[in-house]
Amino acid sequence: GAVVSQHPSWVICKSGTSVKIECRSLDFQATTMFWYRQFPKQSLMLMATSNEGSKATYEQGVEKDKFLINHASLTLSTLTVTSAHPEDSSFYICSSGTSGVVGNEQYFGPGTRLTVT
Amino acid sequence: AQTVTQSQPEMSVQEAETVTLSCTYDTSENNYYLFWYKQPPSRQMILVIRQEAYKQQNATENRFSVNFQKAAKSFSLKISDSQLGDTAMYFCAFMFDTGTASKLTFGTGTRLQVTL
Numbered sequence: 001g002a003v004v005s006q007h008p009s010w011v012i013c014k015s016g017t018s019v020k021i022e023c024r025s026l027d028f029q030a031t032t033m034f035w036y037r038q039f040p041k042q043s044l045m046l047m048a049t050s051n052e053g054s055k056a057t058y059e060q061g062v063e064k065d066k067f068l069i070n071h072a073s074l075t076l077s078t079l080t081v082t083s084a085h086p087e088d089s090s091f092y093i094c095s096s097g098t099s100g101v102v103g104n105e106q107y108f109g110p111g112t113r114l115t116v117t
Numbered sequence: 001a002q003t004v005t006q007s008q009p010e011m012s013v014q015e016a017e018t019v020t021l022s023c024t025y026d027t028s029e030n031n032y033y034l035f036w037y038k039q040p041p042s043r044q045m046i047l048v049i050r051q052e053a054y055k056q057q058n059a060t061e062n063r064f065s066v067n068f069q070k071a072a073k074s075f076s077l078k079i080s081d082s083q084l085g086d087t088a089m090y091f092c093a094f095m096f097d098t099g100t101a102s103k104l105t106f107g108t109g110t111r112l113q114v115t116l
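Residue numbers (our numbering), protein chains in the order written: chain W, 1 to 117; chain A, 1 to 116.
I should point out that these hints are in silico values taken from the structure, not numbers from a laboratory. You may find that some hints are simply not true.
Derived SDA-like pairs: lysine to any residue, alpha-carbon spacing no greater than 25 angstroms straight-line [what the hints assert, rightly or not]: (1) Lys-41/W to Thr-20/A; (2) Lys-70/A to Phe-96/A; (3) Lys-55/W to Thr-20/A.
So, partial list: chain A residues that the calculated Cβ filter (under 10 angstroms) puts toward chain W [what the hints assert, rightly or not]: (4) Gln-39; (5) Ser-42; (6) Arg-50; (7) Gln-57; (8) Phe-68; (9) Met-89; (10) Thr-108; (11) Val-114.
The C-beta atom is built at its ideal place from N, Cα and C for all residues, glycine as well.
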């Protein structure tokens, strides 16, 4: 199956700073990338959908100015958490999809644990 | 909006036994996909099985099979011959069939513990 990587796997940052998370599709071109957030012992909640070269579409309740998503190439999408606060501490997971895949399967990255102190 | 409901927060099964996880969903659309994902302690999401809504035949993948009841909007997962490595969170998920990658709507998950 296709491989999606995320970097870093774990990051600790101080309140008020910004942190960038990278999501890469290693062996296929990801026309669409999804960013999910998962709190401990909870489900995945979609934050935004991004298509290469276009602005991201954010889900209701997600602050677009706080969670900046860039999808500048077919293999890389980034999520930047700006002015991070402790309540932003969570597990962030990206997934990639591409047209023509049977069943529209998405490939998930291993996730990034963000801790804001 | 689509909703996916998993009514069993936790389940336990003995090794080699069979367990069924429940999932119901709500949609007014006719073309969609349903998935079961496994999330082990590593937190890597792993696709277990996929069902196309237009297919009447239930999907199977080795020890994993589903009971897809479209009219009842039910999509349960049966794990046969449970193994210790099956211990994980299991999420049921829904996706519209748009012909391209679409967002997934997840249920709240069922934590499955396989015991000796």
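Verification of the hints:
1. Among the hinted pairs, Lys-41/W with Thr-20/A is consistent with the structure: their alpha-carbon atoms are about 21 angstroms apart, no more than 25 angstroms.
2. Distance restraint check for Lys-70/A and Phe-96/A: the Cα-Cα separation of roughly 14 angstroms lies within the 25 angstroms cut-off, and the hinted pair is therefore satisfied.
3. For the suggested pair Lys-55/W and Thr-20/A, the alpha carbons sit about 41 angstroms apart, so the restraint of at most 25 angstroms is broken.
4. At its closest, the beta carbon of Gln-39/A sits 9 angstroms from a beta carbon of chain W; the interface hint therefore holds under the 10 angstroms criterion.
5. Annotation: interface hint on Ser-42/A holds; nearest CB of chain W at approximately 7 angstroms, less than 10 angstroms.
6. The criterion of a C-beta within 10 angstroms of any C-beta in chain W is met by Arg-50/A, whose closest approach is roughly 5 angstroms, and the hint holds.
7. Because the smallest distance between the Cβ of Gln-57/A and any Cβ of chain W comes to about 14 angstroms, over 10 angstroms, the interface hint for this residue is violated.
8. Annotation: interface hint on Phe-68/A violated; nearest CB of chain W at approximately 14 angstroms, more than 10 angstroms.
9. At a threshold of 10 angstroms, the smallest CB-CB gap from Met-89/A to chain W is about 8 angstroms, leaving the interface hint in force.
10. For Thr-108/A, the interface hint holds, the least distance from its beta-carbon to any beta-carbon of chain W being 5 angstroms, beneath 10 angstroms.
11. Interface hint status for Val-114/A: violated, as the beta-carbon distance to the closest one in chain W is roughly 19 angstroms, over 10 angstroms.
Violation of the numbered hints given earlier is confined to hints 3, 7, 8, 11; the remaining hints are satisfied by the structure.
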